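**Q** Chain by chain, the residues run as shown.
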Amino acid sequence: MATHELRRPFKRPAISDQQRRREISLQRQAQNRRDAQHQARCLASTILTLQPAQYEPAEPDLQLQSETELIPELEIESQEHRRDLRDIDDVRQASRLKGVEARQWFAKQLMLPEWMIDVPERLNTDWYVFARPAGKRCFVVSSNGTTISRLRNGSMLHRFPSALPSGARTSKSSHSGQSYCILDCIFHEPDQTYYVIDMVCWAGMSLYECTTEFRFFWLNSKLVETGACDAPSSYHKFRFSTVPIYNCDQEGLNAAYTGPVPYVKDGLLFCNKHAHYQSGNTPLILVWKDENCSQYVIDTDSKGQVPNKQQVVLELLFDGKLATSDDPPVIFGCLNEDFIQETGLQAGNLLRFAISDGGLSFVDGKLEKADLHYLGKPNRARAFADSYSKVIFQYTVRHSPLRIEHIYASISLSSEQGNKISDLDMAG
Amino acid sequence: MQKFGVFRGAAFGQFRSERSIFSFRSFLRKKIAMEVTQVLLSAQAVDATVRKHAEDTLKQFQDQNLPGFLLSLSGELASEEKPIESRKLAGLILKNALDAKEQHRKYELVQRWLSLDVAVKGQIKACLLQTLSSSVPDARSTASQVIAKVASIELPQKQWPELIGSLLSNIHQVPPHVKQATLETLGYLCEEVVPDVVDQDHVNKILTAVVQGMNANEGNNEVRLAATRALYNALSFAQANFSNDMERDYIMRVVCEATLSPEVKIRLAAFECLVSIGSTYYEKLTPYIQDIFNITLKAVREEEEPVALQAIEFWSSVCDEEIDILEEYGGEFTADSDVPCYHFIKQALPALVPMLLETLLKQEEDQDQDDGAWNLAMAGGTCLGLVARTVGDDIVPLVMPFIEENITKPDWRQREAATYAFGSILEGPSPDKLTPIVNVALNFMLTALTNDPSSHVKDTTAWTLGRIFEFLHGSTMETPIITPENCQQIITVLLQSMKDVPNVAEKACGALYFLAQGYEDLGSSSSLMPYFQEIVQSLLNVTHREDAGESRLRTAAYETLNEVVRCSTEETARLVSELVQVIMAELHKTLEGQKLSSDEREKQNELQGLLCGCLQVIIQKLGASNTAKYAFMQYGDQIMNLLLRVFACRSATVHEEAMLAIGAFAYATGPNFAIFLPEFYKYLEMGLQNFEEYQVCAVTVGVVGDICRALEGKILPYCDGIMTQLLKDLSSNQLHRSVKPPIFSCFGDIALAIGENFEKYLMYAMPMLQSAAELSAHTSGVDDEMIEYTNLLRNGILEAYSGIFQGFKNTPKTQLLFPYAPHILQFLDSIYMEKDMDDVVMKTAIGVLGDLADTLGSNAGSLIQQSVSSKDFLNECLSSDDHLIKESAEWARLAISRAISV
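One line per chain: the protein sequences are A and B, in this order.
In terms of the UniProt record's numbering, the numbers along the first sequence are unbroken and rise by one, the last being 428.
In terms of the UniProt record's numbering, the numbers along the second sequence are unbroken and rise by one, the last being 902.
Errors might be hidden in some of the hints.
Once the Cα atoms are required to be at most 25 Å apart in a straight line, the calculated SDA-like pairs of lysine to any residue come out as [claimed, not checked]:
no., chain 1, residue 1, chain 2, residue 2
1, B, Lys629, A, Arg22
2, B, Lys886, A, Phe217
3, B, Lys603, A, Arg22
4, B, Lys589, B, Cys649
5, B, Lys346, A, Phe10
Coverage of chain B stretches by chain A, computed from C-beta distances (three or more under 8 Å per stretch; other residues unrestricted) [as the list claims (entries may be wrong)]:
no., segment
6, 693 to 704
7, 748 to 759
Rather than coming from a laboratory, the hints here were simulated on the basis of the structure.
Since we're looking at a predicted model, the values are computed, not measured.
From the three backbone atoms N, C-alpha and C, an ideal C-beta is built for every residue, glycine too.
With the hints as constraints, model all of the structure from the sequences given.
**A** This is how it looks when you write it as structure tokens:
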């Protein structure tokens, strides 16, 4: 018969240090295994296919394309260049790009909002709204112990250490070289803060194919954890911050529109909850402004003055047509051959025009005719032509603006409609 | 012989031929029987050659004719004419032919018994039952054990249904020694068999027989003792009976009466029953607790020590129950709580604590030197510690007067008891309650540790200091008891005590261990760091003491050194690097001795273990810091060479500690480890072949993982050898089962490292994974330990799948994995349905779903969509509170959406 097991003498050590060493080893190995698997998974999830559309003539670096017959060598070079960039199908590789290549690559990666020229349906159920901070829109990339921010045209804004994963060379950071982040931010000068408005990659994991709903959830749960929202320190030069995001119902819209925020507002951004992050213009993010929530409702010229006539930047196509940056482009008019030859303009050039008194005329909601007056070439920093929605928004601001009341009204209308439908369902 | 009667009516010739065969068999059997006795006796001979020869003969017999072998053993055991020595050994061999410790071996033996001819088994069982009536006590007792083994195989198969009936019939009609043997058999049977294979009617009858045997009316003490011991094992069968008030009252009365028997063995067995009842039927104790308290109180004060120890143990068990309940429910009870806490300890406190304090004064002179010592004082202190954990603050006012009264008495026993009492109650009460007392006591303790004339008092004082640091010092404490001001004094005293007699020095090392541990999370603000060098030097001095082999002093010094290194900070990284050289020099010294005696070899081996352990800790510490790692890597070659020489010290086995150190080294070195692999490889293989010391094998499997991650593709040339070994390990029945899950995980590590080159191992690894998966898919109704193991196994299998999928990803060979996808998805579905996986498995499993989708992509889209896992399981994981599960689930969602959208 088994006697009751004696207790362990109280004054003897509980476990042997050898057992402890074994356990610590096992824990370390399990952790290393998890890291290795995580890395393997991340490598896959960052594969990002660049859409050929982004390499269409809208790109300034490819502006030589129309001269194929004239200068074949250049054509080849540019083709090769395209191939190089196309090979970068992994954001991790992109995060390592330097100089011109980095500029070219990142210039095409931001998701650009269209301007709200009419109110989308189901705004109150399918959309978020937040007050856009005034400042420089940029991509912030942390990788290999450093953080770099790049403006909309791809040029570098800051290089600095940050508390983002792999954002600084600190001894405690256990993140490997394959951990990196790409954030969509607005740099707000007055408080020297990066306001993060979207998250593209986090700790090596790509969020391109995730819905806005998920990206915002991830953004809000992950960013604070890293300490990136803490006050600046030697390993963390700029503060990062999230922005308050609301469901676009009556209260949410009101909060975004009138609610206090620690930054200067520059309009409202509306984001569709189901959209994936995609490069270039998208109607699934909309920007809207009025004088109450933005200092810059009407475009200013290079001196900061509001010109008395609306100006637009359009791209000259090879057949002389003048196009917006949309895909497919919207044609605003056509330059005749003589004029092109006289002025020495080339296809792919961006051109600035004023909208003269004839204005824009629409038929069935479509642009039919624009009264354009050629002014010259825009600032060299300009990478894109204006989008159709921008031109129209600016035009309506000057003539019959879309007011906040219209947006409120459309929300209450659609929520009433929603109710009606559900009533019917109940009865049925 | 009756069997052959059927041939009588047949033709004469046929009859004759049968007869002649029978005669020949009978002749053989007799000859074998005679020989068996002789062989069994020879197998116990003093002369090793004779013994060896006999053992070989037995083995041969068993291999050639198992049924005949077992039959002759049972015949030997049953035969009253045979010498007791051969009968006992026959029984023992028979028992060993039915059961083994090792799981697989046990399974084999069970299957082997079940497949024996029914008639053979019937004959063996008849012999066994017959032996219960033997006049020789040893023969009866041996037969009891064998019967229980057979029952443990057959009852779950619904075989031998008449066993319990025939045992019970023995009880009523036969002389006392048969009754005794039968009760003993019932006891063993209850120990071997799980309760649910015995129906309640039989349980009732067994309990009736057992409790009757225990009754004070039973005149024969042997019977009463056997019955009391049988009850101890039968208690776990008595669930229904303990729910019946009348039956429970009766059992409790008989047990309590047995504690008063004039026979000490019966009293001891009865107290053991009480201990078991205290934990098994805690919730039924209320009506009896007052009586039990009186009985135990009297026993602790008046009984012989073994009985008194069980009386204390009763209260320790009740503490264990209440601690578990309070931990589980946090002291708050809802209506659906399984068992409420009845606070027996709290109620008994005013009388229990003085009783325990009295025991503390009953120390033995040499208990501090004797590792196995277990006496009233130690049991009492242990129980007091449990009581403190059970009731918390309430114990403090009851113990303080005892401490204050005794701590300054001239008799060492009183001072020691007072200190021991204080040390015992440091875990449980709140820091708020204890901190003010400790602040006052700390100085007193430090003085006592320096000045007390008694080593016993110093030993306990150093231990108490260790407990103070363990429970009241650390980053989570609101008011620190150790300040930069008193830290220096504490360290001075502890370092001084390390020069005291070995047992005191060992406790001082232990106290320093916990002192260092308390600074683990504090980083650079650790008050210990200014003394780092001094501490390290003192510990090294301890390891060099002549008498460091006593009281495990050397071990304690190295363990403390390890902890001090673990808790060191960036500022002392340079000193830790210097320590590497010291430890290397020490290790080098152990390698110099030549032609060692086996005793010296064992000491060398132990010292090498401690030094390799220390190196491992240092490597891990420095390896985690980028700057320090670089500095210490200059010793890389030397360290590795030393470790290889430690391996070379032995011929057939590898040193586990050296292997652990190599794992840490490989992790710290990364890809550079490649240059060491050619020389190290043979030891790696040796480690993987070590079935006997399964810990070594397990550690080596872990090191393979480390090396895979360090070398990635560069490990490829070694993979054939490694995979062969791992596959052999998996198919071995000898290898301890706990090594199997890590081997599966290791498949994943290898696949992740070598990618599509894993192709050639798929045809071996996949079927193994598949059959293990099928086995582990269902655990249906087994014990917690088995469920835990099954989950470990599942996790290993799933990690293997993860590694393989990720390894093959983006290669042209992904289609090779496609045929396995349906089974893997089915495995995921079935473990999901089973609802008994733990969080770790859940996380790994949902990750595998993602990996499968990620690697196979749209080809597997429809398969994935058909699986339950991709819907219910995924959704459950997505809404999990566990951050890791959620993260894996997000990954799976992403991968699946990509696979089905393309």
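**Q** None of the hints should be skipped; say for each whether it holds.
**A** Verification of the hints:
1. B:Lys629 <-> A:Arg22: 22 Å, holds
2. B:Lys886 <-> A:Phe217: 13 Å, holds
3. B:Lys603 <-> A:Arg22: Holds, at roughly 21 Å.
4. B:Lys589 <-> B:Cys649: 13 Å, holds
5. B:Lys346 <-> A:Phe10: Holds: lysine 346 (chain B) and phenylalanine 10 (chain A) sit about 22 Å apart, inside 25 Å.
6. 693 to 704: holds (count 3)
7. 748 to 759: holds (count 3)
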